[in-house]
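2 protein chains.
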Amino acid sequence: MAVQTVASTTDSAAANSVDLGPAAALSCRECGHRVPLGPVFACEECFGPLEIAYDFSAYDTEELRGRIEAGPANIWRYAPLLPVPADVATKPNLNPGWTKLVQADNLARELGVTGGLYIKDDSGNPTHSFKDRVVAQALEAARAFGFTTLSCSSTGNLAGAVGAAAARAGLRSCVFIPHDLEQGKVVMAAVYGGELVGIEGNYDDVNRFCSELIGDPAGEGWGFVNVNLRPYYAEGSKTLAYEICEQLGWRLPDQIVVPIASGSQLTKIDKGLQELIGLGLVEDRPYKIFGAQAEGCSPVSTAYKAGHDVVRPQKPDTIAKSLAIGNPADGPYVLDIARRTGGAVEDVTDEQIVEAIRTLARTEGIFAETAGGVTVGVTKKLLGSGVLDPSLTTVVLNTGDGLKTLDAVAGTGLTATIRPSLESFREAGLV
Amino acid sequence: MAVQTVASTTDSAAANSVDLGPAAALSCRECGHRVPLGPVFACEECFGPLEIAYDFSAYDTEELRGRIEAGPANIWRYAPLLPVPADVATKPNLNPGWTKLVQADNLARELGVTGGLYIKDDSGNPTHSFKDRVVAQALEAARAFGFTTLSCSSTGNLAGAVGAAAARAGLRSCVFIPHDLEQGKVVMAAVYGGELVGIEGNYDDVNRFCSELIGDPAGEGWGFVNVNLRPYYAEGSKTLAYEICEQLGWRLPDQIVVPIASGSQLTKIDKGLQELIGLGLVEDRPYKIFGAQAEGCSPVSTAYKAGHDVVRPQKPDTIAKSLAIGNPADGPYVLDIARRTGGAVEDVTDEQIVEAIRTLARTEGIFAETAGGVTVGVTKKLLGSGVLDPSLTTVVLNTGDGLKTLDAVAGTGLTATIRPSLESFREAGLV
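Line by line, the protein sequences are chains A and B.
Under this note's numbering, the residue at position 256 of the first sequence is numbered 256, and the numbers go up by one with no gaps.
Under this note's numbering, the residue at position 291 of the second sequence is numbered 291, and the numbers go up by one with no gaps.
Among the hints, a few may not be true.
[What the hints assert, rightly or not] No more than 20 Å apart at the CA atoms, straight line, and that leaves these computed lysine to any residue pairs for SDA-like:
| hint | chain 1 | residue 1 | chain 2 | residue 2 |
| --- | --- | --- | --- | --- |
| 1 | B | 315 | B | 329 |
| 2 | B | 91 | A | 205 |
| 3 | B | 91 | A | 116 |
| 4 | A | 305 | A | 262 |
| 5 | A | 185 | B | 352 |
| 6 | A | 185 | B | 416 |
| 7 | A | 185 | A | 216 |
| 8 | B | 381 | B | 416 |
| 9 | A | 185 | B | 185 |
| 10 | A | 185 | B | 411 |
[What the hints assert, rightly or not] Some chain A residues close to chain B (C-beta under 10 Å, calculated; not the full set):
| hint | residue |
| --- | --- |
| 11 | 93 |
| 12 | 124 |
| 13 | 181 |
| 14 | 212 |
| 15 | 279 |
| 16 | 305 |
| 17 | 365 |
| 18 | 404 |
Please keep in mind that the hints were generated in silico from the structure rather than gathered at the bench.
These numbers come from a predicted model, not from an experiment.
Note that CB positions come from ideal geometry on N, CA and C, so glycine has one too.
Start from the sequences and build out the full structure, keeping to the hints where you can.
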C-alpha cells in the first residue's frame, strides 16, 4: 500500500498549513500515534487506520448549539465539528444533508413498535444517497491539499456523488469502475461529464489499480475520496448522528439500525454520538447500535453470531450491491460497537430485502434502495426475535434511493388492466 | 364533463363546513362567480376554471414573515397562504418543498449571465418531482371532503407522487395509466402498493375514462387530484414562487423560466408572486415570466410567436414526456402572463434538451429530468436571441429528476476502457 511519509509531531496543529477547521491532526485508531493533517490514511508506526483528531476544547455548549441551529439546512450547520474550514458553506459544493427524519407511525403499527419509529431518509440528498455527505468532506480536503482531480473506485452510488461534486466545484473528476457495469449505472455516473474509466476486471482489480496509481507520479494531484482522503471522507457519516439527535430535539435515540458495507458509517455514527455527549449537546444515556447486512454478504453478522472478534471475508452474492463488500475494513470496530452498546448485527435474505422495500413504500411512501430494504428487514427480524425493544425510540437508516435499484422490485406491476369503460372497471372489482 | 352541482352563495366562507385555512371560496377565473369550497372544478355559470379565493385580510406583513421563517423546512411554512388547515404540518404527508435554490455560477459563466443565475431544483422533493407539492394540497382537500381514495390519470411523475402520498396518509390510491407504459415507470408507481390500473388506450382514453368515473356512483368518495380536486392541487405550484423569493432574501427575481405542460404551474407561480407583492412581503417591482416548451409539443410557444390569443392543439412527439400535453388547459393564461410581464414563450429541439441536461450536469452537478433540459435549453436560446437579459437575476426551474428519464441520455458512457495497469492508463492519455 502506498503511504505518503509525513513528519511526526506532537504539536501537529501548529505544524499544519492547511485550514480544516477544528481538525487538529490525524490519529491512529490502533496505536494513537498522531501525524499532521495530510493525504494519508495508514499509520506509519503500525499501519492502523488514521482518523481525524479534533480540538473542540474552546466550545461552549449553548453557544455551539445556537450556532448550529442558526446554520444552513445542510451538513455545514455542523462545520464546527467537521474537518472543514469555517467558510465551507460559501464554497461551491452540493450542500448535502439535513435530510428528513420521518416519523414512521404506519410502519411502527405494522411492526409493533410503540416507542417511536423513525426513518432517516438519505434518499433526499443531491445525488440521492448518503455518499454526498462523505464526498463533501473529501472535496474540502482535496481543496486544502491542492488536488485538482477528484477520483474514486466505485460500482454505483459513489461514482455519481464524486462526478457531481467535482462538476460543481470545478475540479476534474476521474472515476474508475468495472468495465461491465450495467448501462443505467454508467449513465448515472457519466452524465456529469467527468472521466469515467472502465477497468477490464472486477471491483478488486479496480481497487488494486487505484492503489497503484496513488503511489505513481501519474496520480500526483489526485484525491481518491475513499483511499488517500479516506480519513476526511469517513467523517461525513458523523453528520447522520448529529442530524438524528438534533431532529429528535437534541436527544439520543435509544436504538439505531445502520447498514454495514465497509462498516465505516456505523463506526462514525457512534463517534458522532459520543462527540455530542462529550460536548454536552445531548444527555449522556445508553444507546444501542445495530448493524444490518444482506445474508449474501454477511461477514460481520456471521462473526457477530459466532462470537468472533475478527471478520472472515466472503464472496458477495446479493441484490444489495451498495453493501456488497466481502472484506469490510471496519468490521472489527463494528463488532466492538455492537457489543459495547448492547446492540447486535443481523442479516436478511434477498427476498426479505425486497419485502421490506415494499413494506416501507406501502406504509410510508418512501421508496428505498436495497440498502434500505436491508435495514428495514433487519429491524423487522430483530423485533421478531426480541433483540430490538419495541418500546424504545428507534431510528432506521435508509441510505439510498429506490430509483437506483429498480431491478430489485422489477416484478412490481399493474394490479389490473381494463378497457376504458365503467363496465370493465366494475368487472375488475375495483369499486 | 361531470360537474357536481353546488349551491351558489355570496357569503361562501360562512357556508363552508370544511376547514381549509385561508381558502374562502372557489372563484371562476373567467366570470368571477363564487361558490363554496367543494370538489368541483368548473364554473356552473360559464364553465370556466375555478380557482381558490383567499381571505388574507387579517395578516400583518411582519408578523406573517416571522411566522413563515419560523415554520418547518417544507411547503407548510406557507400554510397561511395555502388551502390547508392550520395544523397541516402535524398530519401524515410527505412534507415536500423547501428544495434548494442553487446559485449556478458555473452555468452562468458558460451562458454569459452576469446578473446571477439560479436553479430551483425540485428533484429534491420526496418522489423527486414538483408533483409532490401539488399532490400534498390535493391530499388535504381530499381529507377535508372525506374522500377515501386518492386517484389520478398519469403517464409518469404524478402516478408515483399520488401513490406515495396516499400510502403515507393511509388512504387508498388508485392510479390510471396507459397499459403499455414503460416497465420502469410502472415499477416507480406500483411500488407504493396502491391500485395501478392499466387502461387499454392512450392517455386521452385514460382521461376520458376518469371523467366518466367521477360522474358515476362507482367514483363516489374518490378524489382525482388533477380533476375534481384540481383547484386545490394547482395551488401547490405557488409554493415555488414563495420559496424562490424567500430564498433570494424576500426579493422578486427579475426573470424566471418555467416549463409548460398544462400551463398551470406558470400561472400559479405568477399568482404566488402577485400575492407576495400584495401582502407586502416583497417589494413591488417588475418581473418577467418566460415559458419553456419542447419543439415536439409547442402549442403555447407556437401561439406566442404567431401573436395568437388561442392555443391550437398539437400531437406531442418529444422526449420531454412530462411536458407532452398537446392541448394545454392554461395555455391562454400563459400567453397573457408572458405578454403582460414582458416575458416570452420559446421551445427547443430534443437534441437541445439533451445537450442542456448534459450542460447542467457538467457545470453544476445537477442531473435534471427532460423538463429541466427544456428550461435550461430555452434559457440558453433566449439569451442567444437577446430576449433574456444576462445582466438580470434569473431563476430557472428544474421540476424533475434525471433518474426518471435515463433514456434521454442513454448514449452517455465510458470515456475509456483500460486494463488494470499504469501502462494501459498512460496509453489512454488519462494522465
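Looking back at the numbered hints, which does the structure fail to meet, lowest number first?
2, 5, 7, 8, 15, 16
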